[in-house]
Every structure is written in C-alpha cells, then in structure tokens.
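A.B. asks: Letter by letter, the chains look like this.
Number of protein chains: 2
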Amino acid sequence: MTANWEPLHSVPASQASLTGGYWGARQRINRTVTIPAIYQQLERTGRASAWMLRESDERHDHRIVHKFWDSDLGKWLEAVGYSLMSQPDPELERLADGVIQAIAAGQLPDGYLNSYFTVIEPDQKWRNLRDWHELYNAGHLMESAAAYYQATGKRVLLDALTRYADHIDERFGAEEHKRHGYPGHPEIELGLVKLYRTTGERRYLNLAKYFVDERGQSPHYFDIEATERGEDPRKFWFKTYHYCQAHKPLREQTTATGHAVRAAYLYAGAADVSGHTGDSTLLDALRLIWDDLTSKQMYVTGGLGPAHANEGFTFGYDLPNESAYAETCASIALVFWAKSMFDIDPDSRYTDVMERALYNGTMAGVSYEGGHFFYANPLTSYPYVNPHAHFSGINTAKHYRREEWFDCPCCPPNLARMVANVGAYVLSHSADTLYVHLYNPGSVRASLPGGQVRIEQQTDYPWAGDIQLTVRLDQPAAFSLALRIPDWCPGFQVRVNGSTTGADVQRGYARLTRTWNDGDTVELALAMPVERIAAHPKVRHNAGMIALQRGPIVYCLEEVDNGAELANVVIPRGAVLRADVDNALFGGVGVITGDAIRSVPAAWSGGLYQPQRVLRDENQPVTFKAIPYSLWANRQPGEMRVWMREG
Amino acid sequence: MTANWEPLHSVPASQASLTGGYWGARQRINRTVTIPAIYQQLERTGRASAWMLRESDERHDHRIVHKFWDSDLGKWLEAVGYSLMSQPDPELERLADGVIQAIAAGQLPDGYLNSYFTVIEPDQKWRNLRDWHELYNAGHLMESAAAYYQATGKRVLLDALTRYADHIDERFGAEEHKRHGYPGHPEIELGLVKLYRTTGERRYLNLAKYFVDERGQSPHYFDIEATERGEDPRKFWFKTYHYCQAHKPLREQTTATGHAVRAAYLYAGAADVSGHTGDSTLLDALRLIWDDLTSKQMYVTGGLGPAHANEGFTFGYDLPNESAYAETCASIALVFWAKSMFDIDPDSRYTDVMERALYNGTMAGVSYEGGHFFYANPLTSYPYVNPHAHFSGINTAKHYRREEWFDCPCCPPNLARMVANVGAYVLSHSADTLYVHLYNPGSVRASLPGGQVRIEQQTDYPWAGDIQLTVRLDQPAAFSLALRIPDWCPGFQVRVNGSTTGADVQRGYARLTRTWNDGDTVELALAMPVERIAAHPKVRHNAGMIALQRGPIVYCLEEVDNGAELANVVIPRGAVLRADVDNALFGGVGVITGDAIRSVPAAWSGGLYQPQRVLRDENQPVTFKAIPYSLWANRQPGEMRVWMREG
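The listed protein sequences correspond, in order, to chains A and B. Quick note: the first sequence, position 466, residue 466 per the working numbering, numbers continuous. Basically the working numbering = 1-based index in the second sequence + 1000.
Be aware that a few hints might be false.
[Said to hold, decoys possible] Partner residues aside, some chain B positions facing chain A, computed with beta carbon under 8 angstroms:
| # | residue |
| --- | --- |
| 1 | Ser1323 |
| 2 | His1399 |
| 3 | Cys1408 |
| 4 | Cys1410 |
| 5 | Ala1431 |
| 6 | Ala1527 |
| 7 | Glu1531 |
| 8 | Arg1540 |
| 9 | Val1600 |
| 10 | Pro1601 |
| 11 | Gln1612 |
| 12 | Arg1616 |
These are computed hints drawn from the structure, not numbers from a lab. The beta carbon of each residue, even a glycine, is placed where N, CA and C say it ideally should be.
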C-alpha cells in the first residue's frame, strides 16, 4: 500500500528568473496590470475590507458579502507573494501587509478565520461543508500564507493560518470526538500540503490525507450534516454527489467527474498527499482518472468540463466547441495537477498536458493587456447568448468578450497566481536528475546534493524550437539533465558543447548524464512543423475538421483576419501552411497562414432551405491567417474557430 | 387601417373524414391510445379532479396543483370534442361530461373559473397576469368549450365559458373603470375568437383585439401590477418582456421573439383578430414576423425556438441541431398560425410551412404507438444529458427518449387536439374558391353558396405524389378548385376527367375554375424526388451538410439502421438516393437509401488528438437508410441525425 518515496522537488518562483520571451512578457503584464487591477476590484467590491466589517455595518448584507470572498483575497495575496519573489515592490508589499493585518485581526480567539462566518452568520459555522466553502477558503488562505512567507519571511499570515489549521485539525479527523467531514469544494488539501512543506508540521499533511480518505465514505458526511440542519439530504440542490467527487471514495473512482475545478483541485491535492505519504493506492486511482481525462475529456486547448450545468464533466468524447464551458480555473487546476503527478510519477505525459493547458486553456483567460478575463473558454465563438446570464440578453446577439470582473471572480486571481508562479513549473529535480519541463529565456536555480545548479536558457520558444541551455555551477557535478521532448515534436537533435550527442529518451525526457562543468552548453533543436490535428473519431463535434497546432500553441481563426462565416472556410488537405512570427501583433507572436477555400453557394436565393439542385457552389480561393487561440478576442469582436472544416 | 374583409372559412373536423393514409392511421392511434393515456395521466396527477378539491383537502398542496392545470384539462376536452366529431364514442363522451360537470360546478357565482385560484390561493386572483396563467387557462377552456359544443351540441361547458368570458370582459378593457391588462402567456386571443365564431357575440372578438392592442403599451401593465404586488418590476425573473412578446406593441414588432409557444399563439390569435376586424396593420406586422421566422429562425422540421433558456428564439440563423429546444407545442402553434395567416392572406407560403410543421416538427412529439411524448425535438441526438434536468444525470450518458408525461405536460394534450382536428386543416374556402391544402385519403365537405361540395381524395401521400380528387355535388356548381403545389415540388401535372389541363398557379395554388359536375375527377401528379436540402450559408451549424427530404417529409439517420458515430458518415454529392416504402416499418413508411462513405482514420492509436500526418484515412463504402424524422426514437435507443456531412 505504501512505498518509500518522496515527490520530486520543485523550485520556488524565487529561484526562477524568466527574464524574457513569452513568460517574461506575461509576468510583466501580470505584475503591472493584472495584480493591481484585481486589487482595485477587491476594493471596489468590499472584499479587501470585508474583514473590517462588523455586524452593525450597513454594508453587512448577504447580497454583498459572498461566502467565498476569502478565497479571492487569498489568491491575490498568493499572487503578490510569488510576484515579490522575482520582483521586489515595496508599495505592493505594503498593500498586502495591510490586508494581512486585517485578516489576522479578524481571527477569533479559537483560531477560526473566515470573514463571512465571523461577521455575517456567526452561528452558522461548520454547518454545511458541502456548500458553504469554509474549508475551500481556508485552503486558499493557507496557500497564500505559504507563498507570502516564502517571499517575505513575514510570519503574520503564516502564523494565523497555522493556528487556523490547528483549529480545523482539532475539529475534523478520524478520531471519535472529531467530525468526519471534508470539503464540498476541494482546495484545502493543496493548502495543507503547502503548510506542511513550509512548517514541517506533519499534522497538516495527515489532515490533508484525512480529507482525501474520508471523501465519499459511508455513512455520507453530507447526508449527516444535512439531516442535522433539518434538511432532507436527498434534496441536495445538485442532486448527486458526483458534482463534488464525493459519490464514492476517490480510490474507487476511475473517471474525471463533476465540477471540473473541484475535481482537478482534489486530484492535485491527492497527488501531493500520495507523494508525501508514499500511498501508491492513491496514485493508482489518479493514473486511471488522468488517462480518462486526457484521452476522453480534454479539449485540445487543455480546457476541461464541457457543461455549463455542472461547470464540469459529462461523458467521454463529449466536447462541444461553441458551448464549451472550459473554465479558466479548471485549466489552471490541470496545470497544478499535472505538475503534482509528474513529481510522483516522472513522465512527460503529465508535463506535455501541463504545457498544453499553460499556453492555451489558461492564458486565453486573460486579455493581452492584462485587465480583462474569460470565465468560460469556448473553442468556437459566434454572435452569442451569454451563457452566464440564462435569463438576459436572449435576443441580443453579441460577441463573447473578456470582462473586468465576475460576480464569482475565481478566475482572475487564479490566473494572477499561476502566471506569477510559472517559474516554479520550469523544472523538477531529484538528488541526481534535473528535469526541464518548460523552455523560456531566463534562468532557474536548483540545489542538488553536489551544490547549486543554475540552468540558463536562450530561446524564441514557443515560436521556434531551438533552445540553448547553459549549465552554471560553482564546481563540477555529476547529474542527469533530462530535457522534455514534447509530444508534439516529431524529431529533435541535441548538441552538448557543440557536439551532436545521442540522447536516451526515457518517459519523454532526453537524459544527458555526465559530470557537468560550469559553462557547459546544451543545444536542443525541436522540430516544430505546423500540424493539422484530428480529434478521435468519437468526438462528433470535430468530425471532418482539423485544428492547427505548432509547437505547444493551438491556433484559431478570427473574423478580424478572415471575414465572417468561418464555418464556410475549408482548409484543403493539400494546402501549404506557413508559420511566421508577426511582429506587429501582440508584441510578436506566431501566426499560421495558408490557402483555403471559402465555399458559398452563389445562387442562394435568400430562403432558409434550398434543394441543392438549384444551387451552384462557388468555391472562392482565399488565404487565411490563424493566431494563437489564447489571444483571441483581443481585437475587433467577431467570430472565432479552432476546429476548421477540412476539404 | 381597416379593410372590408372576412377570413376564409375553415371546415370543422366533423366535415372531414380522413379515412385512411397517414392521418387516418394517426387519428386512430390518437383516439385509441393517446387520448385515453392522457386522461389516465390527468387522473393520476389529480388534474381531472382538481375542481373537486376544497381548501381543506389533504391533496391541496402547491407542489401538487399547478397554476396551469386547467389548460391541460382544456386541451384534453378539446381533443375529445374533435375526436367525437369524426368518431362517436359514448364512453369517452361520458368521461368528458363528468369532467365538464365538475368544472361547471366549480365556477364561482361571479363567473370566475379557475381551479387553482378558486381552491388554493383564492385571494390572489388577477394579481399577476404576467406569470400566473389565468387568462391562458381561460383561453384553453374556451377553445375546448367551442369544440365540445360543436361536437355534441351540449352547452354546459360553452355556457360556463361565455359566463367566464363575460366576467373577464367586465374586468379588462380600454374603458377607464377596467384593468388595462393582458396575458403573459397569450392563448386567450385564440379562445375568444372561437367563442365569437361559435356564439356570434362580438364582445369576445373585441376583447381578443383589446388584448392584442394593449400588449406592450406604456405605461406597461406588467410594471403596474408588479408594483401593486409590492415588487420591483425590474426584478422580473426573466428580466425582459421580450420573453412574452410584450416589449413593445405587436404592430411595431418585426422579428419572432421570446418564448416560442407564447409567440406563435399570439401571432395566430392576432391573425384571427385581423381577419375578423379587417385590421390590415396587424397583418402587415404579422407578415414581417412570418418572413423573419421562416427565413431565419425555423428548423427544417418546422421546429421553432433553439434555446432552452427562454424556450424560444435567439437570433437569425442560430439553429443548433443537438441542443435544439424546438418544443412540440411551438410547432403545433406554428400550424395554427400558418392556417390563420392563409385564411386572411391566401398564399401557399403559409400552408407549405404548415405542412412542414405537421409532418415533421409536431409529429416527432408523439411515439408511433401513441403513448409517449417529446417536449424538445433536437435534430441531432447522441448519448445525452437531459436538458430538462439541469442538475441531474450529468454523468449518465443516455439517449433521449419520449416520456409518458412531464411536470409541465403542455405538449401531450396539444398533440392530441391537433391530430384530432387535422381534418380542419385540409381546406379553406371563400364563396367561390375551394383551396385544398393537405392531401390524404378521405373526404371533406364544404358549404359554398351554390350548395354543398364534397371533395374525395385517393392517394398514398406523403409517400407518393399522385392524388386523385373526386368532386361530389348535389347539383353542378361554378367555383375554383385551388390545389396547393407544394414548395418542395419541382413539377406537376393536372388532369381533369382524364384530360391534361393547364393550370393557372396563383400564390402557390393551381386554380381550376369551371362549373363542376358531380363525379368530376382531378388527377394531380406532384413530382416527388429525393432532395438534398442545403441550409442558408449563415447557418453555421449546417455548413457542409445536407438534409434529406422527399415530399413534405424530412428524413433522418438512426443508429439502429446505420451504426453509431453518424458524424463519420458522409453522403457523397454524386450518390444515388432511392426512395421506397418499407412496409415492415411502422405500418409502411417512406425510407431513403443510398451509398455513403464512413470515414474512419484506421490508424487511430487511441489518443484524443493526433497529427493528421500519422493517420491513414479509411473510407469504407456503406449503404445508409433514412427514415422519417418524426418516427425517430421508436426503436432501439441510439444516435440520430437530420443534417449529414456531404462529401
């Protein structure tokens, strides 16, 4: 059941300096635009000051204060923490310190820490773990506490959260006198593992494991607490515990199920627990779920969860494009899970998906300028009825656009923390192997037993496949440098210090094992052709269609470049497709151009349906231009398509 | 503004005897299975006895008694009335008489007649016309009263409903002392016109006109009554009065808007009002809306309203197949509206659509056996998440199937009344012209100034295009016989008494003007090729696809005949398509067969996405079999598609 293992080590964002390229630019925008913009929204909506509310305040109003406000603030603080690691900013730190002071001041003497249930409904604490997000909020605050402490060395938030963790640990657990509860919305598992890693306190890891283990057991905790509230458990508003992955114990689950963000947070937290406890039974279940997710339920963008109704999964090969939910947070959670899986089961099957989600499904969630956000990420977009407003705008055909904020604004601060922390996803290492997952200009430091290693990268990735790595060492050291050969790459070459080298590819990584000297160079050349991607024949939505991908980037066509009625643009199978960098676009991004056919029945008389015999097809030759999917909806509003008809 | 006209005359179902063929069979099933099955459901759910409820009863429970129960009973009684016209059935009549007795006994001394607001919330009468369906219920009961009186000569229900109409007329209208209200769900307009036609009481017509005229005027009645209830009108649960076509006066409306059933009932009622009042301004608006609906917002099946959110319309060319709502009731309402339009503006553009909706969009709503019903009618069906149960079954992929009943069971009794009354849609006539709309074996009688005319038909329509009509007269009479030449028909021939005759086609009808003698025969031969139908290039969902149609019948492919993964079946443009009647299927129905290609990448490795360069297409030649769309989901559950990829 248990093995003697520890997960691979990540490096904190403080040891990664992504000085340029794709992530350098995105981190700059994140720091200068996104993080400040989110703070303004936290202020505007009262979240930043929610801790100062008192029951007598006029603003004390259920419609204003959400039960999950703390999570928004937590994610923002976490983003600030990561950002400060790579870029000191006294003004930002002062702002964060003020928020932290208010949070700490709001902690109750027994350690309880939640703005809503302290101020608004103080007698309702812990009465509904299924729906009321207390443990979820706690988890996000724990993650922020760990990050902020790592960044600044300041203990105020960390101390508050360890006290809160202690409080929760006293209340929930396997012991007779404790409640056998667990969160309706997983997240605290991730937070507790980070507290464990930061403080070394094993109780936090054990509590995370308890939450994973107890989930879905019988008698069912959500039934018990509902009955205690005087409710009929069968009248659960979502009807089925599949929604929150609590329909049965996780070790018995085999498919990605329910609300996609809840699912991926749970799986990521369980992977962390598996790694630190050596529990291989969890890993076995997670592998099955991973296979189901990535072979049957994932968009080509790394988007998860097609359905609006449950914000999540439906069934295998059900991947509608236009109505895709594919919540930004779900792709972010997939990044977390993928990295956690790699660190206990090193294989590029995880980091390839991580890269796919990073460059496509997550980054589509934020505007190029950094101040607007998508919640849902469809793969086809037409004039449109807003899926978030079931009962409004029904007759107003408009284009789907990023917004400054949402009533439930989980995605913006989630993006902010992910981008600020992307340096932590560049590599993993054991005592003798350094795995490089992501290619981007900059440097990352890692501590191996033989001393500090710094890996410098120069590359135009993801727009070109050549990467030059330089190893920086205080003294020569023997270790394996394992470079990810992405699943999209049909061929590669490696040169070490200028000489072509055969590389042993194991589980997707080209391993270079030697005694490295300071200044050694590795040149990795990844072939990066434009690929026409086909979807599995069971994906009915993509039958007869292709998506364009080059490197890790999935492309799309937009109306602004290609005119409207993109459904009538057909890319012939033999068309030559050209990849370029368009320096006039978004600071220089890859584009794909080629010849296509626009099929328009020229004799169309204006009626809605016509016998084909009266029509005469006119196939106009056109050229098309595709841009990275993540950058759509940054110019004039219009149609967008990832999957194009193939002729 | 007003013209001196009267609408064309319809004939009551009592003068139409559809002895065989398509409608003969459907009426037999309707009478022997559907009408009794619905009564059982009315009994089981308490609707049949709702009028006997008293406030003290245990069953008096808001969750049990709906505000629109009376409409379900009304539609059933109306169906019984039409059925009795063509087929006496003492047992059924006894059952109906009992229900009518209970309804009449439930009428309040002032004429008020509504089970819910008499028994359950007696102090809430007329407080919310926007949402509470009182006038809607009244309308359905009026329609049933007219039908039942015509069928049986019994006045109990008619007298009750004229008293109720008087009561409503005293309360609502333009006069200062009356309320300036109108229904949130149109329907009473149709009922009042039928009361007017039955009793000759012009006040009922005037009241129908008032409801049409007042709709959407400012100050807005729904705002006024909401304020009176102490509610903020802006907090209307649907947010916009577009939903109920009350966002502006009907004469200013130009597009089919909002909830599709409400819309089409309103338009049908307004057409009736326009006809009887000679108000051409209404007709002008209705023509614009008709054009918008049929040229931009109608499924090829005659289904209306793509969206679940509003059970209705969105915007032009937005016609998704798999998620189509296309409520059965909406197609039924379209049949009503089309007939009403023809009768004031005789043109086959209306009756062609009527026929399309009759054979496809409406009849898909009932199982071949007659006891199960569809509410929504998608044009593509795969394993599926029930759209009516947003929060259940999310992870249970199942096939969409007809059900015995619904919480809101508007569709089953609506189908029953339409099928029972289909004889009334066979023809319209003026003093000198007899328009034949529908072709079906049987006979229809009409009273022209020169005497009674009976038109007998022999035909295998809709499976063949040859129709033999025989004119039966007591004495020779001069009139025009106008035979509809359907829009799907590329060519026709007419022979009168065996001799080919040139026919003057005016507004879609071949007019044969002469002095007719008893026994004169007309042979109409309509060419009925299999057509590949293309949708307008702006309908993105159908780009690169065709639908198969022959005569008025739209066909579909089902998994039971063609295997699964129908998205991978491609019908080559040159494929020969053959029409046959399959006598082993559903008592003998048309089928279309042909050669197709099943495109399956043979080298598919099992992953979800693959570069096309590693795949090898395998195009298997297959034969396909298509059945009438209306008959889908009557055999083994499986996939279904109307729109097929074309190669």
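A.B. asks: Regarding the hint that Cys1408(B) lies at the interface with chain A, is the smallest CB-CB distance below 8 angstroms?
C.D. replies: It is violated, given that the least Cβ distance between Cys1408(B) and chain A is near 17 angstroms, above 8 angstroms.
A.B. asks: Return the status of the interface hint for His1399(B): holds when the least beta-carbon distance to chain A is below 8 angstroms, violated otherwise.
C.D. replies: violated, 12 angstroms
A.B. asks: Hold the hint about Val1600(B) up to the distance rule: shortest CB distance to chain A must be less than 8 angstroms.
C.D. replies: Given a least distance of 6 angstroms, the restraint on Val1600(B) holds.
A.B. asks: So, as I understand it, the hint says Pro1601(B) touches chain A; can you test that by seeing if any CB pair is closer than 8 angstroms?
C.D. replies: OK, holds: Pro1601(B) within 8 angstroms of chain A, min 6 angstroms.
A.B. asks: For the hint on Ala1527(B), just tell me whether its beta-carbon gets within less than 8 angstroms of chain A.
C.D. replies: Where the cut-off is 8 angstroms and the nearest Cβ of chain A is about 12 angstroms from Ala1527(B), the hint is violated.
A.B. asks: Holds or violated: is the Cβ of Ser1323(B) closer than 8 angstroms to a Cβ in chain A?
C.D. replies: holds, 7 angstroms
A.B. asks: Tell me if the interface restraint on Arg1616(B) is satisfied: Cβ within less than 8 angstroms of some Cβ in chain A.
C.D. replies: violated, 11 angstroms
A.B. asks: Under 8 angstroms is the threshold here; is the Cβ of Arg1540(B) close enough to any Cβ of chain A for the hint to stand?
C.D. replies: holds, 4 angstroms
A.B. asks: Interface hint check: Glu1531(B), Cβ to nearest Cβ on chain A, cutoff 8 angstroms. Holds or violated?
C.D. replies: Result: holds, 4 angstroms to nearest chain A Cβ.
A.B. asks: Quick one, is the Cys1410(B) hint okay against chain A at 8 angstroms, beta carbons?
C.D. replies: Nearest chain A Cβ about 20 angstroms off; hint violated.
A.B. asks: Holds or violated: Gln1612(B) as interface residue toward chain A, Cβ cutoff 8 angstroms?
C.D. replies: holds, 4 angstroms
A.B. asks: Quick check on Ala1431(B) please, does its C-beta sit within 8 angstroms of some C-beta on chain A?
C.D. replies: With Cβ-Cβ at 33 angstroms, over 8 angstroms, it is violated.
Hints 2, 3, 4, 5, 6, 12, counting from the list given before, are not met by this structure.
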